[in-house]
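For chain A, the structure is supplied; the task is to place chains B and C on it using the hints.
So you can see what is in the structure, the chains are spelled out below.
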Amino acid sequence: MSISQPPTSGQRTANKAFRLSTFAFAWLSVALVVYIVCMITWEAIPAFREHGLGFITGTTWDANTGEYGILPEIWGTLYSSLLALLIGTVFGVSVAIFLTEGFLSGGVFALLKAVHLQYHPLWGRLPEQLEHLLKNLVELLAAIPSVVYGLWGIFVVIPMIRPVANYLHEALGWFPAFGTPLSGPGLLPASLVLAIMILPTIAAISRDALNAVPNKLREAAYGMAATRWEAILYVILPTSATGLFGAVVLAFGRALGETMALAMLVGNANVISVSLFSPANTLAALLANNFPEAGQKEVGVLMYAALVLLAITLIVNIIGAAILQRASKNLEEVR
Amino acid sequence: MTNAETMESTTTNTPQHDVVIECDIRELYYGNFKAVRDTYVPIHKGAITAFIGPSGCGKSTVLRCLNRMNDLVRGFRFEGRVNFLGRDIYDPAIDPVAIRRHIGMVFQQPNPFSMSIFNNVAFGLKLNRFKGNKEERVEMALRGAALWDEVKDKLHKSGLSLSGGQQQRLCIARAIATEPEVLLMDEPCSALDPIATRKVEELMLELKEKYTIAIVTHNLQQAQRVADKTGFLYVDTTEGSRTGYLVEFGDSDRLFEAPQEKYTQDYIRGEFS
Amino acid sequence: MSANIHPSAPSTPTPDTRHLEKSLRNKQSLFSFAMSAVVGILTLLALVPLFSVVLMLFYRGGKSLSFALFYELPPGPMQEGGGFGNAILGTVIMVGIAAAIAVPMGVLAALFLAETAPDSRLAKTVRFCGKVLTGFPSILAGVFAYGAVVLLTGGFSAVAGGVALSILMLPTVMLTAEEALRMVPRKMKEAAIGMGATDFQCVWMVLLPTSLPGILTGVMLAVARAAGETAPLLFTALFSNYWISAGGNVELMQPTASLAVLIYNFSGVPFQNQVELAWAAALVLVLLVLTANLIGQAISRRRID
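Protein chains in written order, with my numbering: chain A, 1 to 335; chain B, 336 to 608; chain C, 609 to 913.
Chain A with its partners taken away, still in its complex shape (with noise of 0.2 Å):
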């Protein structure tokens, strides 16, 4: 007799209650992100009543008068986010150049063969090594969680640019830019801290973009008689552009979120300042410092504030997502 058999009842259960279970919970998490909106919404819904539109013009935050306004820190997020997106795109960028055209495995291997190491068995792998070892390192930047990077940037980043930061408001004080002194935290700082943050974002999503250009193209461009940094400037950059420009507004969306280190490095002061070194406020920070102790009115107009912030994020990442689609789909045309 053969022992084949047709599947058992049971065998037949465990089958149905699998499907069913991984559909279930395919929709328990659109259903999440759902109710994750709905509820900042539901609960905003009172204060945006009580406050409307002008809430998002308002400049005041006043707990005791109940006049509550968010404009600052508006101002703050997209100020710090966009200086943080200039810093981190250039270091960013370059980092992704560096790693993906060969400038560091090909002149370590250039300086392996200067002293015949090149097919060293060991010494051999060291320029892939180095390379790895690199992209690896930018990777732990982003590994470092961001309350760290506050703490370092209140003990670390603020002493050192101070100095220099004085040094220029003293000199150069009537460009607005430089139009107050540093006395500890301030936009400077947060944004440079914050550009920190971003770097391994746009550096890991720049890299895919480059890596994806393919390799015909910098053939032809070097068939052409290009230099090296003809090739990236005139063949390889513009290829990948879209790619780039979706790096960067990932980044945006993640700087527009990014708490702690602004929370701890912007100083928290309700202003409107175009000065590098004047003290600002976000809208995560906001939240991260007034829910903590917030009575129940105010509650509400946080959630309000928190409402702010998901449509902004939410509408920035979903452009960004869908211009590195975009760019792939080019980039199928290419190959």
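Derived by calculation from the structure, the hints in this document are not laboratory data.
A virtual CB, placed ideally from N, CA and C, is assigned to each residue, including glycine.
Any given hint could be a false lead.
To be verified - 30 Å max Cα-Cα, derived BS3-like pairs, lysine-lysine:
#1 B:597 with A:216
#2 B:545 with A:329
#3 B:545 with A:113
#4 B:543 with A:216
#5 C:732 with C:795
#6 C:795 with A:329
#7 C:630 with B:380
#8 C:739 with A:135
#9 A:216 with B:466
#10 A:113 with C:630
#11 B:487 with A:329
#12 B:466 with C:635
#13 C:795 with B:466
#14 A:329 with B:461
#15 B:545 with C:795
#16 A:216 with B:534
#17 A:135 with B:466
#18 C:795 with B:469
#19 A:16 with C:739
#20 A:329 with C:739
#21 C:635 with A:216
To be verified - Partial list, derived from the structure: chain A residues whose beta carbon lies under 7 Å from chain B:
#22 52
#23 109
#24 226
Stated by the list, open to error - Listing some non-contacts, in silico: residues in chain A with all C-beta distances to chain B over 12 Å:
#25 9
#26 11
#27 32
#28 50
#29 214
#30 271
#31 325
Below, chains B and C alone, put in the same frame as chain A:
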């Protein structure tokens, strides 16, 4: 050594005045892998020189030696010399980029940049800081590549919007826009359909008037149709690895009709491919 | 004007070939060299903060590191000594709660994405939601848990903190698990199905065991991220100066300490002892996070071998 003997019968080792590139590869390595050995090929001015041979025999590698494209492969090592204008291009003082300005290249896969047709062709002009009339140059190059009539009304459209055969002719136009002395073509028709292939072949015969051409092909009939001189490379597997070397070189008519080496005879008769 | 663009060589017997030589006086070569130098320097500069952070952690944190830190309670202002034993325990418990929620949910949703209906509209929606959550500001996860748990149960608690962290873990677990499941060679699955395995048997006996390293890597990365998060805990778990267990019972519904919040609280105070403790806690936290990261990477490396 058999290949040395055959060379004696067709060319001499001393450079002739009509030899533009004199390529003498003693040994060529990728890392520890010996890819090519003992290959001497002169590229004659105003002629089409073809490299044929079974796949993996190193014919593309030899071609890429001629404008130092192999420099992009890490671990590439070269013993021998490649003389261009009487100067060894592997001399440490030589700038490989400058070499590639004089020895252009067309690749196996059409590889237009993702920019407009015009900018694709004008790319080399940009690299050379060309100050003259770009439109005129681009038109000349496109006419030279027999593509002008097909694209003259859509020069601002992406080069990627063209068909495969058109893309390859665009790449040829891009390569000849700066009027290099020599044009290297690495299996330029392998990704094309028969009609497009025929067009590119006709183009090669036209370009011969102005340029010196070296072409790699796996298609024997193509070599027979277009090439003045042909070199046959074969793979030597005796040392346990696959090292390519030149078996026979000579005028195409002679090589296809009366091959002197047994491997060449077998290959041309189609006993292996 | 010559038809040739280059300063080309005449066809004399010994042509001038100096234009083929390398020279930094050549504008393009000089530009290329300068740009390479700039990019190299920027890349090195980008790593300076990493080394500075690590050095400071070992210098200031290592100075006050002692065994007592791991079992004593946080000191008050002006007090000497103390530790953060309760914060370590709190972090471990809350990350544990988060993992208990996010891992089953993430893996089952990933099974749906990779197996049950990979190309369905629901799958596309789930992937979209996963991406949205990946870029979700961590503070908003806290806001959500505040509304969904704190307001509902009437107080700050470890459970609220765990829920907030689970939202941040979910996308990482789900998306890496999907990728790991897709990496399983098709022929393995076909072999199992060809032998008459039900879908569940195929998943349980072939797919999950094969993709386990990849799934675990995702889980470890998510754990590493969650352990370092501060913002979602600030107003869900709050903080506590006491142990989470009272008389042997673990009190999950009480405000709970965590390393991250301890660092935040002690970073802004003028009391030297507490600041030093913040540095020591930062060192411990970073070591914890890096260990989790390294374990995750080690697992994924073994998979490649």
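- Item | Contradicted hints - numbers only | 1, 2, 3, 13, 15, 17, 18, 22, 29
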